[in-house]
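Participant: Spelled out from the first residue to the last, the chains are:
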Amino acid sequence: MNIVPVSYYLVLSAILFGLGIVAFVFKRNIITLFMAIELMLNAVNLAFVAFARAHNQLDGLVFVFFVIVVAAAEAAVGLAIVITVYQNRQTLNIERINLLKF
Amino acid sequence: MPILDHLWIIIALPLLGAALNGLLGKNWSKPVVNSIGIGSISLAFLSAMEAVREFTQLSPEQIPWIRNYFTWITAGIFKVDFSLQVDQLTVVMLFVVTFVSLLVHIYSTGYMAHEEGYYRFFSYLNLFVFFMLTLVLASNVVLMFVGWEGVGLCSYLLVGFWFLKQSAISAGKKAFITTRIGDLGFTIGILLLFWTFKSVDFVNVFKQAANMPMEGSGPGGVLTGICLLLFIGAIGKSAQIPLYVWLPDAMEGPTPVSALIHAATMVTAGVYMVARMNPLFSRAPFAMFIVALIGALTAFFAATIGLVQTDIKKVLAYSTVSQLGYMFLGLGVGAYAAGVFHLMTHAFFKGLLFLAAGSVIHAMGGDQEMPHMGGLRSKIPITFWCMFIATLAIAGIPGFAGFFSKDEILEAAASGPHANLWFYWLGLIGAGFTSFYMFRLIFLTFFGAPRYDEHKVHVHESPYNMTIPLMFLAFLSTVGGWVAAPHLVGGTDYLAKFLSPVFDAYAVTPTVASEAARTSEVAGSPLMDLVHALTGMPVIIALLGLLIAWWFYIKSPETPKKLAQSVRWLYTLVLHKYYIDEVYNAVIVQPLLWISTNVLWKVIDEGAIDGTVNGVGRGMRESGGQLREIQSGNARSYATWVVIGAAGVTVLMLGIWGMVR
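Protein sequences appear in the order of chains A and B. One point on numbering: in the numbering used here, the residue at position 28 of the first sequence is 28, and numbering is uninterrupted. One point on numbering: in the numbering used here, the residue at position 338 of the second sequence is 338, and numbering is uninterrupted.
Some, not all, of what chain B presents toward chain A, calculated at C-beta under 8 Å:
#, residue
1, G633
2, N634
3, R636
4, A639
5, T640
6, V643
These are calculated hints, taken from the structure and not from any lab test. The C-beta atom is built at its ideal place from N, Cα and C for all residues, glycine as well.
Between the sequences and the hints, there should be enough to build the whole structure, so can you do that?
Facilitator: Pasting the structure below:
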């Protein structure tokens, strides 16, 4: 039985993470930024699962569950904030939301 | 032994009184403040007397009676206990301090009746008694130093009691700073004492000192060093040459304060300390010589200044300095008991003189200048008679307290174990001056025609709460010396006998008391001794002083003016107190001020210290100003920074720390 080497997963994970970073830095819509964050989290989840499988240990899987829970909570709180921001500013452009500075 | 086991009660009572009056007294009426102030001191006096009664029932092995309450400081082998001690010397001091304090408190209710800050005055006075009792009851030198500094603080607070008066503020500061110079010596002395004996407890130190040999008569030797350093402290506190200048200025304080602190108790702390340290001083002949020398010189020079002063309190102030000199002369020639005896009689008659002077000032409506007085004898008879008795006592007229104590000191200076005829003559001439300036004060104040405006000044006798303390002290000034009466007929002075355990326990040579006890058996008949004592030089010279004062100020009042004219330069010199204050100002104060202003302030403080602190602050603010540009408010730039940071950490981990396996 041919097993896919762990490095394949890691490369895929790195590519997904890189896409997430690029999206986060270059996109302007807050919703898109959220999606970029989710993409990065899931890239990390993929790496965790791959390592857990490769080392035959459960620790990585447990961690993935934690990450999923946190991501869900973050999405719930974050989207609520996004709605409030939109109600107040009538925009979702991150470059317009820059009041918090020195 | 209810009180002897709980000695702390004696010192806690005045502290409680001070705390109550000081913290809560502002809104209390005068009777409440009075009853707390006087009540706490009365209770302290009664408990001290009860302690004395119990003390007399102790067997000789139980003395010194030491009670340790808690350990105050431990650091390696350095250990200081809060422990109190009672021995014969403490008993004498306990009686003097609590009794005179009580009388002064009662007197103050009359004298200070119309003053602002009445509660504050009583609070400070109680606090003073607390520290003074700590000083005399302490069983180690560090605890004694606590009391020593505490009384200095109270002296400062009370000299500057009228803090709206510029001269009172300056006098308070002068008193504090001048004694502080002496205290530096005292502190170094304590360190040297600990370094030598590895202990600060009196009993422990004295036991070790008893095994040390007598040191040579020149400077050098550790005991001589310790004694001289401790004596510097005594010079400051007891106003001896060259640090006596603060005491005359301290007369700016209220008169009861002058009586209690600057005559009867605090200024004698130095005498008490030297007497307490007698086992050390006895083994350091050079230190003894210096003590006697300073004492004799001070006794003489202060008396000469007193001759020409016109302010009634200034005369008494210089007289105090001079009398303290006699005490040190007594200690320095080895007559410790005589020094302590003079301390006690002086507390009575000089306390009385100051309180009576306060009564005179009260009668004159605040005027202190003797040339404005005169003829007060019939107007304020009680004050006059009390002050007259005190004058007889201080002048050394036979039968009154000062005669006995001064006679013993001069006798020891002439024939004691460390006798020195130079000191004897200085003391003797000083005694003549003492008699002269005291009778001058009496004649100028109470005799002759009134020189004040009788329409403006309404002279009146003081109220009873002021005159009754005077009478008590007058009684003691009369009979206080009789404890030494047997000395006149060749016997042993009761006080010296009582104190002999303190001064003989660790003595190298028998002190005057035991010497007198031994020689008394071989001496001539008691009657001859009595005749000898009553016609001795001190008596003759005292009467001579009285006679000259009478001639100058009653018989022919023009004589002093003529005399002053004929030796104008000498008169001016003495009138201006030998220009000592001016010399100190020019030599010490002004250079110090100049250095402080132009170097310490302008260069060190403003340049170096402020420059460093401000420089650091300015640097932080400027770099912060640059860095805050990063905080742009743009979330994407933050994200970029996070990415750059993460990339940086990754490069560090992989490349530089080599975490790739």
